[in-house]
Amino acid sequence: MAKTIAQEFTKGLWNEIPPFRLVLGLCPTLAVTKSVEGGIGMGIATTFVLLFSNALISILRNIIPPKVRIACYIIVIATFVTVVELLMQAYTYAIFRQLGIFIPLIVVNCILLGRAEAFASKNKLLPSIADGLGMGIGFTLSLASLGAIREIFGYGTFYGMHVFGPSFEPFTFMVEAPGAFVCLGLMLCLMNLAGGK
Amino acid sequence: MGDLLVLMISCILINNILLAQYLGNCPFLGTSKKMETAVGMAMAVIFVLVMAGVITWVLNVYCLKKLGIEYLQTISFILVIAGLVQFVEMFLKKSIPALYAGLGIFLPLITTNCAVMGVCLINIKEEYSFIEALVSSFAYAAGFGLALILFTGIRERVLLARVPKPLQDTSIGLVTAGLISLAFYAFKGMV
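Each protein sequence line maps, in turn, to chains A and B.
Quick note: the first sequence uses my numbering, first residue 277, plus one each step.
Quick note: the second sequence uses my numbering, first residue 40, plus one each step.
Derived by calculation from the structure, the hints in this document are not laboratory data.
Incorrect hints may appear among the rest.
Below, in silico cross-link-like pairs of lysine-lysine (DSS-like), each with a Cα-Cα straight-line distance of 25 Å or less [unchecked claim]: (1) K132/B / K343/A; (2) K133/B / K343/A; (3) K287/A / K398/A; (4) K343/A / K398/A; (5) K73/B / K204/B; (6) K204/B / K287/A; (7) K343/A / K400/A; (8) K72/B / K204/B; (9) K164/B / K105/B.
Throw the hints in and build the complete structure from the sequences for me.
Here's what the structure looks like:
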């Protein structure tokens, strides 16, 4: 099980990329991917929290009593979520408005608690940081690609720029709730095909 | 009274928490393979969500707002929910063992169900009064139960069908959820 730091980092990018391989954290995935911008904003916010909570939990792993560990993890995560919330409100207000209640809801994103429990609580500081960063970047990439597909077909734009010209009829289904489910389901299917499952 | 009825219908059908607001999807996909577990999860969510909705509303109005420390909302809400779940678990174990056995492992899982936290935040964001917060918490929870049980019914059938290999499991589950969501979309014009 002696994995290098680089391996811990890259596993989050393909082998265990959330939310496709690890089916965790679906709610923000579906809700914020109406546009590329929202997807990337959410991804970066989650990466930030994941990185710092993994690091802190890894440092504290020998101090936290096992019986109340989940409560401790949640407090650590909630603290960093509050930090992100205040930072985004101050510096990127437009994205903050767009993401709405999904920023405080990062607290209950299962990826964070999942990584804290499955990885950071058992590993040293450096691998935990690599794991958090890898998973976070993987999550950001997934959200951005899903956001790109939905935005291109749903609005005919990419990051706010028109791609199809004026005669394009927007396929509004893609940016509504049903389209989110179907689109994610089909992307999962493609990932399975590509992975030779 | 009429307003409350409209609020209730819109929370259950039109703004259904799972299918229109995208909250609580992890347990939606995780516990929908068997009808038994789906019913257990639905009951547990209704139970905890109503209590959490009421308690966080009181906490927000009488404590956080009074002291001007609304930035602690996220931390305090998640602590209240985690504490509440733990408390409910101990209480049921002691006094109603039959219900405890029925809900089983679903109770602790509710802490990380974003539907609970989400509804608490929506109640605050929409500035509902106490009664409205109570009604909306119950209605959202009931909508969660309704969608979960309907979805499980379909998923049990899908398990018997021959699905292409890459589409199996979660993938076909999501496509199914999309189709149910499309059906619920028809309620949009009701209110």
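Evaluation of the provided hints:
no.	hint	in the structure
1	K132/B / K343/A	18 Å, holds
2	K133/B / K343/A	20 Å, holds
3	K287/A / K398/A	17 Å, holds
4	K343/A / K398/A	15 Å, holds
5	K73/B / K204/B	21 Å, holds
6	K204/B / K287/A	24 Å, holds
7	K343/A / K400/A	21 Å, holds
8	K72/B / K204/B	18 Å, holds
9	K164/B / K105/B	17 Å, holds
When the structure is compared with the earlier hints, no violation turns up for any of them.
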